[in-house]
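Residue numbers (the numbering used here), protein chains in the order written: chain A, 1 to 222; chain B, 223 to 413; chain C, 414 to 817; chain D, 818 to 1208.
A couple of the hints might just be wrong.
[Claimed, not checked] Capping the alpha-carbon separation at 20 Å, the derived lysine-lysine pairs in PhoX-like fashion look like this:
| no. | chain 1 | residue 1 | chain 2 | residue 2 |
| --- | --- | --- | --- | --- |
| 1 | B | Lys-397 | C | Lys-502 |
| 2 | B | Lys-292 | C | Lys-502 |
| 3 | A | Lys-150 | A | Lys-88 |
| 4 | B | Lys-397 | C | Lys-498 |
| 5 | C | Lys-739 | B | Lys-391 |
| 6 | A | Lys-94 | A | Lys-180 |
| 7 | C | Lys-502 | A | Lys-80 |
| 8 | C | Lys-502 | C | Lys-739 |
| 9 | A | Lys-145 | A | Lys-80 |
| 10 | A | Lys-68 | C | Lys-502 |
[To be verified] Have a look at the derived ranges for each label pair, beta carbon to beta carbon:
| no. | chain 1 | residue 1 | chain 2 | residue 2 | range |
| --- | --- | --- | --- | --- | --- |
| 11 | A | Asp-136 | B | Ala-345 | 55 to 63 Å |
| 12 | C | Gly-742 | B | Asp-272 | 45 to 53 Å |
| 13 | D | Ala-946 | C | Arg-715 | 53 to 61 Å |
| 14 | D | Thr-1203 | B | Pro-379 | 32 to 40 Å |
| 15 | A | Ala-42 | D | Ala-855 | 43 to 51 Å |
| 16 | A | Leu-132 | C | Gly-651 | 43 to 51 Å |
| 17 | D | Ala-909 | C | Asp-589 | 49 to 57 Å |
| 18 | B | Asp-272 | D | Ala-1200 | 32 to 40 Å |
| 19 | D | Val-1126 | C | Asp-589 | 31 to 39 Å |
| 20 | B | Leu-330 | A | Leu-132 | 48 to 56 Å |
No wet-lab data here; the hints were simulated from the structure.
Note that CB positions come from ideal geometry on N, CA and C, so glycine has one too.
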Amino acid sequence: MKFNFQGAGIVRGFVETARNFLGSYYDPERLTTVEYPERKLALPENVRTVPFLVYDHDMSGLRCTACKICEQECPAACIKIIKDTVKKSDYLGKSQFQPQVFDIDIAVCMSCGICAEVCPFDSIKMDQVYELATQDRFAPLILHKEQLGKSNAYFHAIHPTDAVETDSLRDEAKRKAETKAAADAAAKAAAAVKPKPEISTTANSQSVGTSATANVEKAVAT
Amino acid sequence: MHTLEEIKNLVEQNVPGAVVQIVPNANPALAGSLLLDSKSATDVAEYLRDVAELKFDLCSNVTGIDWPSKEVKTKIKKLVDGVEKEVEEITKTPAFLEVVYHLYSTVLVHGPLALRMRTIDRAENNRVPSLTLVWRSCELQEREVYDLFGVVFEGHPDLRRLLMWDEFKHHPMRKDYVPPVDEGDAVEVSA
Amino acid sequence: MSTLRKEISNGSFCGGIDVDSPLRHFSGATRTTNTNGFAHDLLEISMGPHHPSTHGVFRMDVIVDGEEIVQLKPVFGYLHRNHEKLAEKNSYLGIIPYTDRLDYICSMTNNWAYVLAVEKLSGFQATERAEYIRVIVSELTRLFNHACLVGFLLQDMGALGTPLMYAFREREKILDLFESLTGSRMMCNYMRFGGVRCDLPEGWLDEAKKVVSDYPGFIDQFEALITGNEILLARSQGVGVLSRELAISAGVTGPMLRASGVNYDIRKTDKYGIYSRFNFRVPLGDHGDVFDRYMIRVLEMRESLKILEQALNQIPAGPIIDPKAKNRGLRPKAGEVYSRIESPKGELGFHIISDGSASPYRLHIRPPSLINLTILEDMCLGQTIADAVIILGSVDIVLGEVDR
Amino acid sequence: MNSLDQIFVTLKQWLLSYVPTDFQPVGSALLSIVAIIAVFGTAFALTTILERKGLGRIQNRPGPNRVGPCGFLQPMADAVKMLTKEDIVPYAADKVLHYLAPIVLTVPIWLAFAVLPFGRNMSAIELDASIVFFFAVGSASELAVFMAGWSSHNKYSLIGAMRGIAQMISYEVPLVLSTVPVLMLSGTLNLNEIVNAQSGFSFGVGQWNVFTPWGAAGFLLFMIAATAESNRAPFDLPEGESEIIAGFLTEYSGFKYALFFLGEYLGLFAVTGLAVTLFLGGWNAPLAFLNVVPSWLWFFAKFGALIAVFIWARGTVPRLRFDQLLNFAWKFIVPLTLVNIAVAGIWYFSSDHLAYAVRWLICAGIFLGFYELLGRFLSLKRAPRTYRYAE
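Next up, chain A with everything else stripped away, as it sits in the complex (with noise of 0.2 Å):
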């Protein structure tokens, strides 16, 4: 124990002080913040903002297949998703629903992140941005579908990881989507050499057609 006249205390904070005092002038680890606007600080790869939806290629590649999984996950409840009426094949040759409407109001949204987490396609993302600031807090804060997607590209720029990870999984899933049709083609061939006379050959290839599809479906899901 050292000797402590009175006010040693007080002394030993004026040194301290007085050190950081001139230490901020030398020491770059000392001052901590950065001036904003004009000098950014790196992301790291895993910051999450608000939500945004992948397309491949452009708008009408959109990996989402309105299937509300998010919007129903959402703690929030801040994703609005409707349905469009038409079917589209999507990456995997599939028939599948894209949203006529997909919206999220970021206002409500809490930046969780569950609706990238639970989506089974691969199709929303947590973006990056975070000058989000706008003049009305109503209309403007509400992100609809348009605002909301963006590509591939953008998304491995910011994710990168996670999205080789994706796009790996999606190729590899494209892959035996593809060889499974390819043997159900064949199949088709083989088929077709006997064909079944009392069968009229427009419902004939209807069905192997719809049958093709839920064959690919067990494919995805295996």
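We have chain A already, so just place chains B, C and D on it with the hints.
Chains B, C and D only, in chain A's frame:
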């Protein structure tokens, strides 16, 4: 740590007039709890706090639960027109409010022991004795239960609303509470 | 003082407003007589909900005699969202982000408390690696919570933000770790039933080790700045004394309870998670005053560092989440559970009653901040306004948790 | 060298030469007033920005750096903001007092600058009892604080005013008592002569009062009392922002608030100027060969250094509690100032009998002994604490 049966026996032997029931827990996560009756609850609580082999001196948590009446369908076999038939009978479960206390001991380091108290119904007979004088930690928590569930704690020194404002009429944690629609803030999400 | 307090609680002091009193236009001013027989006025002050040092929208209705407090009634509810009702409408998974917002400084420990309760309810077990990650992030949370608390406490004492800024500088480093791990600095939403949401990014452990090894330097610096300061000693010693018996009876938990000399740390008593594997001590105070609460937190930071060093070196490889544990659409077996952890503020408990459906029938949070405020008035009586502020600061409340 | 030293004096005389003889006294006074207001107005603006930057650096942040080069136009921006802000007077306030309080605070403070010697031949008026004049006008600030707190009709303001008045009156006593040794040993109440008494050099070092044991002790005591007198941290209880919002300033906004702010800083400047004059040799150079530097530069250099110490203290120490503040004044500072007067007496009468170094050590020993003993006695209740650990 004693088992619930042992605690029940201890209480019944040592607290005159104590009526204690064991309420089993369907989930293995936690042992069941002791249901106290209104008359002897404070005596039992004091006994649990003070007796050397239990020493439940820390009342950790007070939870209020609302059990509105539910319709339960049970299938029973009945003679209808001389033929034995399976008939669905609808019975109503009793409606009551429940307060659960979780006790621990800082001296003997054991717990939790859950105590329950039930009101007779959810309307007028919504009273249970307050345990604030036994464990001070119940003071704010019982106020919270009073505020959110409407359980009146008899003997509580300062029973006021805790979280809602004094003029508020309802008890928002009750299952049948309907929150008011704030029309000013209603915004259509889709555009 | 006690007779005066009784008078007030009986309401007999009301109505004695003297028309000639120069204070007559102060609505709260009421006339009383002190021990010397001088007639004088009491003043009712509403401290809060927008007061600089009530740590949020908290209000204390204070009646003062001069500057001496004769009555203090805490008023809650300005930040009430009824989290418990929200939980009844949400899925078990969807509740996790809401728990972040209870004690919004320590989202990690809130996550853990809730996840642990649900795991008990549904019989899941977190994986080995996840257990280690949970301990690491929780102890990091404890580090910056305590650092901020002592910073805020000294801010309340009038130290003009210097200690607070130093604390924030360190907190920043830990928040950076959380950001790169979970994607969010404060609202981590990181834990899941049976494990954690995502694995540690590459190099994270090394960064964490660096933060942990630099941290003692910060504590030393902080202590040199303020611990021996005579003004701090004069302000905090003997102020807001909480006796051991009252502390236990009032359900006070956490560092506050240990400052009153009660050896009760849930990490030791319940051994939840894998805390039994780590070698650490529980610091105890003997006086139960503001200074003890300050010192216990400083010493706890040093103990947390020990846990962190061990955990960071022992963490095994392996899966981060139990594949059998269901997160989405979880319907636990009916029944109830009460589970608690040692959050930085005290005992954080979750009482969940499941009816077998996808959302809990009833979810109750045992908020340490609220229950530690039970004895606020007892600690403040006879002290001055300036003391009330630092006593409140030493309790360590976060209004998100108090009002829920 | 001499011309540079006397440049302001020469300038004033040159300007006065154009004024008719009858109006020369008035003209001289006006010129001095303009000069003081200009110099200390600028000092006020500079201090606010430097204080914020300094505190920022102490707290490891850059401080304001957006307005103008390195943020040095921040005071201008603040002034514009203050002046354009709505002046809110509470409905139930005593409007006259509420209006007058900032004026009552600011005007007398300016008077105090009249007697301070800023350089060789550079004090606005020559008064024989100038230090008495200084303390007399300085005590007007108590009134202003109380007027502000009372008239605001706000409980926090009232508490702040009560604190302020008790604090300022309590610290007036040690403030005056700590100057007594200086007056005793220089034998005059005239600030100019006190500076002249410190103008010699021994071994090339200035014979400032602060280099004597009683002077050093008196300087420290004076600085502590001055901090309290000007409501600066750690004695900023009347404002105590973490306890009573802003104390007596709670209900002030806009220009009136700016005036209070100005008044507080001017009060600080005035006592700092007095500390420089009494203890730090006024405008004298510290070392003999530095006499080439103009005297007014020395004054402002010392002045700036002392202001920096105040800022440093503000960034370091927590605030005292009210009863502790008064105890500190009456039980610790006042007895020490009395001891210091005795020490000064010993110093004076031992000059013929003892060697300088011996004299120095004895006097310093007496004071430090009292300091340590009294401090220990007052903190007897505070035993060092140890903490137990449970495994």
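Flag every earlier hint the structure violates by its number, smallest first.
5, 11
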